[in-house]
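Assemble the whole structure, with the sequences as input and the hints as a guide.
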Amino acid sequence: MNSELPTGWTIERVRALSGDPSAISLSFDRLVVLEVAGQGDYEPLRPDVILAFHDLCLVRDDGEWFMGQLDDDGSVICWASYGSDLDKAIRGL
Numbered sequence: 168m169n170s171e172l173p174t175g176w177t178i179e180r181v182r183a184l185s186g187d188p189s190a191i192s193l194s195f196d197r198l199v200v201l202e203v204a205g206q207g208d209y210e211p212l213r214p215d216v217i218l219a220f221h222d223l224c225l226v227r228d229d230g231e232w233f234m235g236q237l238d239d240d241g242s243v244i245c246w247a248s249y250g251s252d253l254d255k256a257i258r259g260l
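Here the sequence shown is numbered in the numbering used here, starting from 168 and rising by one per residue.
Honestly, the hints are just simulated from the structure, not real lab data.
Every residue gets a Cβ at the ideal spot worked out from N, C-alpha and C, and that includes glycine.
Be aware that one or more of the hints could be misleading.
[To be verified] Result set (EDC-like, lysine to aspartate or glutamate): computed pairs, CA atoms no more than 20 Å apart in a straight line:
| no. | residue 1 | residue 2 |
| --- | --- | --- |
| 1 | 255 | 196 |
| 2 | 255 | 179 |
| 3 | 255 | 228 |
| 4 | 255 | 231 |
| 5 | 255 | 187 |
[Unchecked claim] What follows is a set of in silico ranges between Cβ atoms, one per label pair, in the way DEER data are often shown:
| no. | residue 1 | residue 2 | range |
| --- | --- | --- | --- |
| 6 | 205 | 177 | 20 to 28 Å |
| 7 | 250 | 203 | 14 to 22 Å |
| 8 | 180 | 208 | 29 to 37 Å |
| 9 | 186 | 238 | 19 to 27 Å |
| 10 | 205 | 175 | 34 to 42 Å |
| 11 | 230 | 209 | 28 to 36 Å |
| 12 | 254 | 207 | 26 to 34 Å |
Right, here's the structure in full:
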């Protein structure tokens, strides 16, 4: 598991803000990629935090949060950057 949430953040705070009481921090032993829009290609990410809630994942790579989805094989496919603010990323702003 990873526990490198931003200062002031706990998994309980992630659960409260996301509305998902079962939100968890995931391990890094999985493929994490960013889908390159319009190209059908993927760019590998090297996350230092992976959060899963509802059917979504937020992945932090180099200070930036990417929204994605956990695939059946455990990999995460991200489709967009939600910026550097975890609060805004969770709320989808």
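Kindly indicate which numbered hints from before are broken by the structure, ordering the numbers from low to high. Of the numbered hints, 1, 6 and 11 do not hold.
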